[in-house]
Amino acid sequence: MIPCLFNHLGTGEIIVILAVVLLLFGAKRIPELARGIGRGVSSFRQGLNEVADEIDNAEKKKKED
Numbered sequence: 044m045i046p047c048l049f050n051h052l053g054t055g056e057i058i059v060i061l062a063v064v065l066l067l068f069g070a071k072r073i074p075e076l077a078r079g080i081g082r083g084v085s086s087f088r089q090g091l092n093e094v095a096d097e098i099d100n101a102e103k104k105k106k107e108d
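Sequential numbering from 44 applies to the sequence shown in our numbering.
None of these hints come from the bench; they were simulated from the model. You may find that some hints are simply not true.
What follows is a list of derived Cβ distance ranges for each label pair [said to hold, decoys possible]: (1) 91 with 55: 33 to 39 angstroms; (2) 101 with 63: 42 to 48 angstroms; (3) 88 with 57: 22 to 28 angstroms; (4) 64 with 89: 25 to 31 angstroms; (5) 51 with 78: 24 to 30 angstroms; (6) 85 with 58: 51 to 57 angstroms.
Glycine included, each C-beta is placed from N, C-alpha and C at the ideal position.
Let the sequences and hints guide you as you build the complete structure.
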């Protein structure tokens with residue numbers, strides 16, 4: 044899903060995006076920002092897995108009845 048977003052970006056565009064991020068957040072805050080984004084993505088994936096597990100369990104329970 045995400046690789047499709049980056050297929051249309053060229054090297055120059057990526058450099059401009061990185062420069063804007065550097066200007067907006069500063070070099071010291073980028074690792075903190077990346078860590079926060081990583082934790083958010085991890086939490087989101089965990090939530091999706093929990094929902095999928097609940098759906099699977101409900102389907103199995105329904106088949107047993």
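Results for each hint:
{"no.": "1", "hint": "91 with 55: 33 to 39 angstroms", "in the structure": "34 angstroms, holds"}
{"no.": "2", "hint": "101 with 63: 42 to 48 angstroms", "in the structure": "45 angstroms, holds"}
{"no.": "3", "hint": "88 with 57: 22 to 28 angstroms", "in the structure": "25 angstroms, holds"}
{"no.": "4", "hint": "64 with 89: 25 to 31 angstroms", "in the structure": "26 angstroms, holds"}
{"no.": "5", "hint": "51 with 78: 24 to 30 angstroms", "in the structure": "28 angstroms, holds"}
{"no.": "6", "hint": "85 with 58: 51 to 57 angstroms", "in the structure": "28 angstroms, violated"}
When held up to the earlier numbered hints, the structure conflicts with hint 6 and nothing else.
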